[in-house]
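Enquirer: Sequence:
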Amino acid sequence: MSEKREREDDEKSNASDEDDDECVGPSLSELTSPVEKKKRKILKYERLYLENLPTCDTYEKSYMHRDVITHIIITKTDFLITASCDGHVKFWKKTEELIEFVKHFRSHLTPITDMTDNYNGTLMCTISSDQTVKVFDVINFDMINMIKLDFTPLSVCWVHSKGDPIHTVAVSSTTQPQIFIYDGKGVNKPLHVIDKMHTQPIIFIKFNSIFDVAISADKSGIIEYWSGAKTDYTFPKCVQFDSKLDTDLFEFVRHKTHATSLCFSNDGLKFATMSPDRKVRVFNFLTGKLSRVFDESLTRFSELQQKKQQIPNIEFIRRMAIERELEKTEISHTANLCFDESGHYLFYPTMLGVKVVNIFNNTLVKIIGKPENLRALKVALFQGKAKKLKAAVTLEMEAATNPALEASVSDPTLFCTAYKKNRFYMFTKREPEDIKSIDADRDVFNERPSKEDIISSTEAACIQRLYDTATLHTVFGDIQVALFKECQKNS
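All residue numbers for the sequence shown refer to this note's numbering, where the first residue is 792 and numbers rise by one.
Source of the hints: derived by calculation from the structure; they are not laboratory data. Each hint should be verified, as a subset may be incorrect.
[To be verified] With a straight-line cut-off of 27 Å between C-alpha atoms, the simulated DSSO-like cross-links for lysine-lysine are:
#1 Lys953 x Lys867
#2 Lys1176 x Lys867
#3 Lys1028 x Lys953
#4 Lys835 x Lys1220
#5 Lys1220 x Lys884
#6 Lys852 x Lys1070
#7 Lys1099 x Lys1010
#8 Lys867 x Lys894
#9 Lys1212 x Lys1119
#10 Lys1010 x Lys1047
#11 Lys1157 x Lys832
#12 Lys1242 x Lys1211
#13 Lys939 x Lys1010
#14 Lys1047 x Lys1021
#15 Lys1010 x Lys894
#16 Lys1161 x Lys894
#17 Lys1010 x Lys1080
#18 Lys1211 x Lys1070
#19 Lys852 x Lys1176
#20 Lys884 x Lys1176
#21 Lys1070 x Lys1161
#22 Lys835 x Lys1010
#23 Lys1212 x Lys884
#24 Lys1099 x Lys1161
#25 Lys1220 x Lys852
#26 Lys939 x Lys980
#27 Lys884 x Lys894
#28 Lys1010 x Lys987
#29 Lys1099 x Lys1080
[Said to hold, decoys possible] So the derived label-pair ranges between C-beta atoms look like this:
#30 Val984 x Lys835: 42 to 52 Å
#31 Ser1093 x Lys1220: 31 to 41 Å
#32 Tyr836 x Leu1077: 16 to 26 Å
#33 Asp1269 x Pro1240: 41 to 51 Å
#34 Thr966 x Arg1045: 22 to 32 Å
#35 Pro1240 x Thr1048: 40 to 50 Å
#36 Ile1001 x Pro1240: 40 to 50 Å
#37 His895 x Ile1113: 41 to 51 Å
#38 Asp941 x Ser1093: 39 to 49 Å
#39 Ser1034 x Asn1237: 48 to 58 Å
#40 Asn979 x Leu1077: 14 to 24 Å
Note that the Cβ used here is the ideal one computed from N, Cα and C, for glycine as well.
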């Protein structure tokens, strides 16, 4: 009997093995197993790129203007240029650690509308509602030309590249859908007028010096490509599309919004935009295709705060109130964004601080200035070296341990302006000496106090204080006396 049972068991086991062999496809356990997460893209030399970015949450130093600062740019010649709403322009030079004041100009009598530099950082110009363009020589920090306009300008941009005989500058009007091209070192008469491209006033003009192509955007959401003077300001031939219908350039029209700011990467292959719908969009320049969209709406921040507290609730409510105030005044439309030298990291201001996003693998690297009590608007990134080597440095040399390069270590610095602040702030890799100290000198007072400040401080010192209580100390104890200011003085 036992042998018979053993035979039956062997037959059953063989049958079950045959059934397993006939089974095709994944088992139930494999079907119910969790799907593997998508692997994160690895950026080559990522560690080196991150080392060349500012890392501190708090600003190291801040410097003053007499009024609210509205514009800030860093040039290829390592000059920092700031402008305030009272029409003043200041030149600063980047040193090995901090910055050094160079020169101060009263550029305009009215608020500066726009300020820009050319592709190599040798020329800079400003425009204002006084209908003038002021042109500056950056290296010699001197004003070299003034162009009088027949209209009120809205935006300005240098539209020349290396080898061009004329340093052309493009200016748009606040009321007309036209772009006027001038010689930046010439007379008041325009060299060329582009009048059949846009139907609404042009908000901004940005020039890609790598491909010699300009991008302009108007208030209706239309974005246009056009070339420089070499090809008579026609549609460029270097792009990989013939019609905008083959691109995503109608993205703003489709969402009933418009671009307010644009920046190019150093290689000219990407550009990023900001818009009133609080979305940051990244495009491929040659194809016009949309590659990334970052939603920075207030609803998104509220959901994030409820899911995981980012800042204290009282501080979050205060910042939300500031954001609503910005929307009413449209000051948030003046905010800008910028790429780092590699073109893989994008910096742009939000209500929580300046976000640093890796657009290669779509990850948030850092939020700079999160604990600070300021709302950043304009940003400018410096990644150069104040003390430069004569020989060229390659990526491999930077990645290697090279003692010879230690003397010329870069000082990555993020400069930014803030809402209703007459200061601009420096975020570096160095922590400020002592934030909580009363005598902390990270806020540099490089401006004389105004007459109003002097009068108010003098009046405050002369005010006679009226006390309502007094204490008489005697050998028998203290006597508390109540004083009434309504009583007349007794002789």
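Enquirer: Decide, hint by hint, whether the structure agrees.
Expert: These are the hints, each one checked on the structure:
| no. | hint | in the structure |
| --- | --- | --- |
| 1 | Lys953 x Lys867 | 14 Å, holds |
| 2 | Lys1176 x Lys867 | 11 Å, holds |
| 3 | Lys1028 x Lys953 | 19 Å, holds |
| 4 | Lys835 x Lys1220 | 22 Å, holds |
| 5 | Lys1220 x Lys884 | 19 Å, holds |
| 6 | Lys852 x Lys1070 | 30 Å, violated |
| 7 | Lys1099 x Lys1010 | 37 Å, violated |
| 8 | Lys867 x Lys894 | 18 Å, holds |
| 9 | Lys1212 x Lys1119 | 18 Å, holds |
| 10 | Lys1010 x Lys1047 | 10 Å, holds |
| 11 | Lys1157 x Lys832 | 18 Å, holds |
| 12 | Lys1242 x Lys1211 | 19 Å, holds |
| 13 | Lys939 x Lys1010 | 25 Å, holds |
| 14 | Lys1047 x Lys1021 | 35 Å, violated |
| 15 | Lys1010 x Lys894 | 36 Å, violated |
| 16 | Lys1161 x Lys894 | 32 Å, violated |
| 17 | Lys1010 x Lys1080 | 21 Å, holds |
| 18 | Lys1211 x Lys1070 | 23 Å, holds |
| 19 | Lys852 x Lys1176 | 19 Å, holds |
| 20 | Lys884 x Lys1176 | 12 Å, holds |
| 21 | Lys1070 x Lys1161 | 20 Å, holds |
| 22 | Lys835 x Lys1010 | 39 Å, violated |
| 23 | Lys1212 x Lys884 | 22 Å, holds |
| 24 | Lys1099 x Lys1161 | 15 Å, holds |
| 25 | Lys1220 x Lys852 | 12 Å, holds |
| 26 | Lys939 x Lys980 | 9 Å, holds |
| 27 | Lys884 x Lys894 | 10 Å, holds |
| 28 | Lys1010 x Lys987 | 15 Å, holds |
| 29 | Lys1099 x Lys1080 | 34 Å, violated |
| 30 | Val984 x Lys835: 42 to 52 Å | 46 Å, holds |
| 31 | Ser1093 x Lys1220: 31 to 41 Å | 32 Å, holds |
| 32 | Tyr836 x Leu1077: 16 to 26 Å | 24 Å, holds |
| 33 | Asp1269 x Pro1240: 41 to 51 Å | 42 Å, holds |
| 34 | Thr966 x Arg1045: 22 to 32 Å | 26 Å, holds |
| 35 | Pro1240 x Thr1048: 40 to 50 Å | 42 Å, holds |
| 36 | Ile1001 x Pro1240: 40 to 50 Å | 46 Å, holds |
| 37 | His895 x Ile1113: 41 to 51 Å | 30 Å, violated |
| 38 | Asp941 x Ser1093: 39 to 49 Å | 47 Å, holds |
| 39 | Ser1034 x Asn1237: 48 to 58 Å | 53 Å, holds |
| 40 | Asn979 x Leu1077: 14 to 24 Å | 36 Å, violated |
In terms of the numbered hints stated before, the structure departs from hints 6, 7, 14, 15, 16, 22, 29, 37 and 40, listed from lowest to highest.
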